[in-house]
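Protein chains: 6
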Amino acid sequence: MVVEDSDFSGFDFDDDEDGFEGGSQSERVPTGIKGFDELCGGGLLKNRSYLVSGNAGSGKSTFSIQYLHNGVVEYDEPGILVVTEEDPKNIRENMKSYNMDLKKLEQHDKLAILDSQSAKVGIPTDEEYVEVDPFDMDSTLKRIVEIKEDIGAKRCVFDSTTSLGFVSDTQKQLRINFLKLSATLSAIGLTSLLTSEVLDKNRMSRFDMEEFVTEGTIRLYNERKEGVRSRSIEVYKMRGSDHSKKINPFEISSKGIEVHPKEDVYF
Amino acid sequence: MVVEDSDFSGFDFDDDEDGFEGGSQSERVPTGIKGFDELCGGGLLKNRSYLVSGNAGSGKSTFSIQYLHNGVVEYDEPGILVVTEEDPKNIRENMKSYNMDLKKLEQHDKLAILDSQSAKVGIPTDEEYVEVDPFDMDSTLKRIVEIKEDIGAKRCVFDSTTSLGFVSDTQKQLRINFLKLSATLSAIGLTSLLTSEVLDKNRMSRFDMEEFVTEGTIRLYNERKEGVRSRSIEVYKMRGSDHSKKINPFEISSKGIEVHPKEDVYF
Amino acid sequence: MVVEDSDFSGFDFDDDEDGFEGGSQSERVPTGIKGFDELCGGGLLKNRSYLVSGNAGSGKSTFSIQYLHNGVVEYDEPGILVVTEEDPKNIRENMKSYNMDLKKLEQHDKLAILDSQSAKVGIPTDEEYVEVDPFDMDSTLKRIVEIKEDIGAKRCVFDSTTSLGFVSDTQKQLRINFLKLSATLSAIGLTSLLTSEVLDKNRMSRFDMEEFVTEGTIRLYNERKEGVRSRSIEVYKMRGSDHSKKINPFEISSKGIEVHPKEDVYF
Amino acid sequence: MVVEDSDFSGFDFDDDEDGFEGGSQSERVPTGIKGFDELCGGGLLKNRSYLVSGNAGSGKSTFSIQYLHNGVVEYDEPGILVVTEEDPKNIRENMKSYNMDLKKLEQHDKLAILDSQSAKVGIPTDEEYVEVDPFDMDSTLKRIVEIKEDIGAKRCVFDSTTSLGFVSDTQKQLRINFLKLSATLSAIGLTSLLTSEVLDKNRMSRFDMEEFVTEGTIRLYNERKEGVRSRSIEVYKMRGSDHSKKINPFEISSKGIEVHPKEDVYF
Amino acid sequence: MVVEDSDFSGFDFDDDEDGFEGGSQSERVPTGIKGFDELCGGGLLKNRSYLVSGNAGSGKSTFSIQYLHNGVVEYDEPGILVVTEEDPKNIRENMKSYNMDLKKLEQHDKLAILDSQSAKVGIPTDEEYVEVDPFDMDSTLKRIVEIKEDIGAKRCVFDSTTSLGFVSDTQKQLRINFLKLSATLSAIGLTSLLTSEVLDKNRMSRFDMEEFVTEGTIRLYNERKEGVRSRSIEVYKMRGSDHSKKINPFEISSKGIEVHPKEDVYF
Amino acid sequence: MVVEDSDFSGFDFDDDEDGFEGGSQSERVPTGIKGFDELCGGGLLKNRSYLVSGNAGSGKSTFSIQYLHNGVVEYDEPGILVVTEEDPKNIRENMKSYNMDLKKLEQHDKLAILDSQSAKVGIPTDEEYVEVDPFDMDSTLKRIVEIKEDIGAKRCVFDSTTSLGFVSDTQKQLRINFLKLSATLSAIGLTSLLTSEVLDKNRMSRFDMEEFVTEGTIRLYNERKEGVRSRSIEVYKMRGSDHSKKINPFEISSKGIEVHPKEDVYF
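Protein chains in written order, with our numbering: chain X, 8 to 274; chain Z, 8 to 274; chain Y, 8 to 274; chain F, 8 to 274; chain U, 8 to 274; chain H, 8 to 274.
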């Protein structure tokens, strides 16, 4: 039995390629982030959507973009970066601090940045990929599918999912939109990171549901202890995979994020 | 005096078989999960609905599906798995890590996975059992009844009940829908586990009422202590049955969930 | 001056028998629950309504039904059990664990179980007493009055009052409905227990008002301490009666609830 | 300049007798409750309205009714008791435990109990003073004024003010109704106690505003410490009067409430 | 550029006299309250509006009225007291305890009490200054301006600003009304105290915004420590002025409020 | 691809000058505040918008205005101060305490104060720059653009962003308006500070989203410790820049704010 949803009926859902039936099961997609992949058995599971959550300044965007950057540079997997509330120019500039030259990747059609911020705030943009209707979930998904076709992307980052609040009038709709985003990215053959803003250290997401409907949750912490902030990371949940139960410190330097899987964190 | 509700008037409510009147009272349905059944006098009570609650990543789905898997393999009781927000393909793949081959059970008509996610998020599916109207409680119940007839199921898992929020506009309606689900599964002769997402360790359910209207509550914990997560389980409530008052540690390995009923947990 | 409310104008309000004017004042209705009556001067005050509140699994239903059971067996006082969200069959089965045979009491017309759950969730029932309109407070009260006439009941249990939320659209209406229930049961000559679900250990009721508008509150606790649950009970409030100020441990065994009035509880 | 409100234009506002201009300033109204009056310079200030707040079972009603009872017996000041959610019969019976015979006071026209509960819950009553429209503030106030004329009352108790929620649709209206009640009782020459239900020990009232708009607040506590409840009282606020800053223990025995002003309470 | 608001176009905004341009900058208005002015460099800044916030019974009204009383007696500055929820008669009587005879000040036209309570609660009043439309902010402001003209007031107390909730339907409107009150009092040349009720010791105001939109906040505490209440005061914020960073104890005696600027408070 | 928003189509978006493409990357804009710039690698990043958040009285306005003042005096960069809820006259007077003469800067066209408060509260003003429609975001932004053209501003302070609540009916709209403000100021070539009121020490902003959608967050604290308040500052987040992870004390004296980057704070 097949349910056809007209919105997506033309898409190439690559079940054959990557699905459960014939593909190699539990195929891993390494992040290439130093010290991280060994926390979760070698990397993310292929074609799954993961939550990357943390408070402001915890390194969510850096972690996620580094995942895309490594994808291209180390594994030759093109990627899509959906930016919902930041200026792509600033992102390119910020990433230079970590020695990631996004512009170069873009020029070689290995990275596409989808700007869904400009139209939303109503300022002109000269970006190549622009979401002209950032208040409609289906429109955004169609745009992602098109770009995937264009550059043959294997990885995707959606930063941040709080913007789903813009396209959802009720909690119910929000949850469905989140499910739709997460399931569609998986179905079209993308291994994805979805960032989520959290407000206190005991929560896992902005809307208290994202961690339940994704295949895994990577939690970044940026906590104060006696007047100093320190960073740590936890693979909180990863369905279908063994993973570390510990919280590990990490640092952000000119080489980007580096996790210390042998060190402990107490807080 | 009999109240007939037209929606269900054709169902085979098997009072004769399993009800209080003539049946053997307090008949047990073992979960087969190592170390668990001895916490509650040998297993669940037949034809009752139990809540399995826990935070994200606490093992609710694994516990519940292992209950179904053991049902078939050890007790020859077919089962139904209702999946409301996950891709059945991912579930099958995830369970392989624990050496459970769901596909095989399905092929022998011992397990049916009812996919109520695909239609909800609007992506195509080639699943055998699909809920085409996942926003209507009565439709879902009818589908479960049909499948029960098909495969002669004795066990059911509904994962997760948070999705009842989708079919309920008010707290009142939500509670009635929860009651309806729980009572109908019992009435048609299924011993069921209903999963519930919890947000903090002092609560028992998502909507603060599920533990009151089910016959029992099994609570899974996944708590952080000094930078490490550890797992534990509690039979919090079980009407009509003696049960352990302790919280016990458990682990998830390639053999699935294993409870350690002799060990203690302090938190 | 007399206000006549047409809804109840035909009822037999037994002022003469039990009221303040001529009756023996402060007449006691023993619960017969071992160790409990001595906490409150020998029992409940006649024709009053008391709240029995506790978290899920704390023993509210067992305590209340034991009160009814003892009423028949030890004091020859028939009783009514109003069940709002549970299957009467399950209750009968559960109570067998505590050696209470409700069916026998019912067959001798000493106990009536009013099933207001079946109609609500829309499943057929062969119960003798069924509330066909469980969403109307006055209808439910009339049904209780009829049954009282039928079996000459002196005691009543309403399990649980959370269901009043179903018949009330606002906090105001809820409070009036609660008052109406409590006052009507008293006025027609029933000594009643009304159960209430509580969500944390510092509260006394579901809606934060039931303890104020009943004549007394019996609070059951089921608290975790270092990985183990233990049970305790408190007569929190009892208007017009001296009562213990201590919290006492109790246990539930095959003999039902037994309170230990000489032992202390610290938490 | 005089603002005339037609609703009250016929009332006898006894400015001449008790007002600031000519009357003896800071005239005291002793409660007669043993140990209490010395906490606040000899008693309440004449023609003021005070809040008596506390959790359920803390003794609010007993304190307030004892104030009325002492008023008649010790100071020959008739009193009015407005009962909003309890059966007057039960109150009379309860008070007998403390050796207060309210019926006798009523028979000598020294006490009037205004039953505003019966009409609200719709059960018949044979009380002498009945509020037939308990959902209208002005109607209730008129009734109080009439009764004051009848028996020459000097004291009043309104138990409880939570019922003002019934006559107020918004927070704004609630506050005005509370002000209206408090100000009108003062204006017609009654020294009054208004009870308020509180839900936790750090709050002073039900709606978090009553303590601000009354002339004083008497706070009763009923707190648990290591498995035992104990009672204490505090004059939290008393405008225009010196008062104790300490919390003192009190007990309720067959002699009613007795405060121990020399003893301390620590919690 | 000048924006003329018709409501106020006839007012005498005394920019010339007290404004920044020509006036002596940072002119001080001493409160005359013993020990207080030295906490804030000699007094309040002229023509500014300050918040006086505290829980019930903390002394907000006493502090504020003492500021007005001292204004007349020590500095010959007439004052306006706007009373929104108390009977002016009671205030006059209360203040006598602290040896402040408000009546005398009123008789010499040095103090005006604007009664905005009577009309609100609908009881007659024989006060000289009455606000007949206490539910309209502009009407109240016009009344204050008129009275200022009448008695040449330099100081104003608005007690309490919680009543602004009565004239505001939304948070947005409330904030604008608060701004309007504060800015208008400043603009017409009054140095003002605005009282605010707070509910817990970590907050600064009723609506969590008053401290941000006033020029300063004086916080009164009335905290319990081991069964005893003690009083303290803090100049929490004072724009454009140096001020103490400490919390100091104060007492209320027959001489009114007296701050002890050399003593510390720990809580 | 270019999205043109008609509202801003005539603006001079200075991509050429300061954007990523050709400009010097990571150009720094020093605040000139003693001890601060060394916390964040020499200053703010050019053409970014930063949040300055803190509780009332924490020094947000002083910090921000000092940034503007230093801009003119030390770096010859004109600035715009948007004042949403304070009287510009008071600000000028307040700043004199810190030896900043804003009037002089204004007279030399180096500083423009946009008064968006007067029209809002409806009092006359003789300010040069007045926002006549302070309830419309686009109108305010246009006004800022005009002033930027007038005086060639490079820096901007918007004090405070809580006023965005006035122009937003929903959370969704509020977030978009905040994004629009922040992105437009960047796009037209201003390096900006946006102040935000916070209510407790664990939060970063008023609406719990501002820290996520700005390029950085500077957090000011004003915390009580044993009866004394002390001040501290933290560069909580700064995208694209290394920055201190410590919280440092600062003081406000006649020289304005001075941060002590070598000292620690513990709370």
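Please note that the accuracy of each hint is not assured.
Which copy? The list can't say, so a pair holds if one copy fits it or any two copies do.
[To be verified] In silico lysine-lysine, DSS-like type, Cα no more than 30 Å apart, as pairs:
1. 110 <-> 208
2. 232 <-> 179
3. 53 <-> 253
4. 232 <-> 110
5. 208 <-> 41
6. 252 <-> 103
7. 110 <-> 269
8. 41 <-> 103
9. 41 <-> 149
10. 232 <-> 41
11. 232 <-> 111
12. 208 <-> 269
13. 253 <-> 111
14. 262 <-> 149
15. 111 <-> 269
16. 187 <-> 232
17. 262 <-> 187
Please keep in mind that the hints were generated in silico from the structure rather than gathered at the bench.
For this session: Using 30 Å as the alpha carbon limit, work out where residue 110 and residue 269 are close: within a copy, between copies, both or neither.
Result: neither (34 Å within a copy, 38 Å between copies)
For this session: Could you place residue 232 and residue 111 in one of the four classes (within, between, both, neither) given a Cα distance threshold of 30 Å?
Result: neither (39 Å within a copy, 44 Å between copies)
Problem set entry | Intra- versus inter-copy proximity for residue 110 and residue 232 (alpha-carbon distance at most 30 Å) | Classified as neither: same-chain Cα gap 38 Å, cross-chain 43 Å, threshold 30 Å.
For this session: Please work out whether the CA atoms of residue 262 and residue 187 approach to 30 Å or closer within one copy, between two copies, in both situations, or in neither?
Result: So residue 262 and residue 187 fail the 30 Å test inside a copy (35 Å) and across (32 Å) alike.
Problem set entry | Alpha-carbon proximity between residue 41 and residue 103, which holds within one copy, between copies, both or neither at 30 Å | Answer is both: 18 Å inside a copy and 28 Å across each meet the 30 Å cutoff.
Exercise. For residue 111 vs residue 269, is the C-alpha pair at or below 30 Å within one copy, between two copies, both, or neither?
Worked result: neither (34 Å within a copy, 40 Å between copies)
Exercise. When no copy is named, should residue 232 and residue 179 be tagged within, between, both, or neither for a Cα gap of at most 30 Å?
Worked result: Cα proximity of residue 232 and residue 179: none, with 37 Å in one copy and 33 Å across.
Exercise. When no copy is named, should residue 232 and residue 41 be tagged within, between, both, or neither for a Cα gap of at most 30 Å?
Worked result: both (25 Å within a copy, 25 Å between copies)
Problem set entry | Alpha-carbon proximity context of residue 53 and residue 253, limit 30 Å | within (23 Å within a copy, 39 Å between copies)
Problem set entry | Within, between, both or neither, where residue 187 and residue 232 count as close if Cα-Cα is 30 Å or less | Intra 39 Å, inter 34 Å, cutoff 30 Å: neither.
Exercise. From the Cα coordinates, with 30 Å as the cut-off, is the pair residue 110 and residue 208 best called within, between, both, or neither?
Worked result: neither (35 Å within a copy, 39 Å between copies)
Exercise. Using 30 Å as the alpha-carbon threshold, which applies to residue 252 and residue 103: within, between, both, or neither?
Worked result: Between. Shortest inter-copy distance 21 Å satisfies the 30 Å Cα cut-off; intra-copy 33 Å does not.
The structure shown violates the earlier hints numbered 1, 2, 4, 7, 9, 11, 13, 14, 15, 16, 17.
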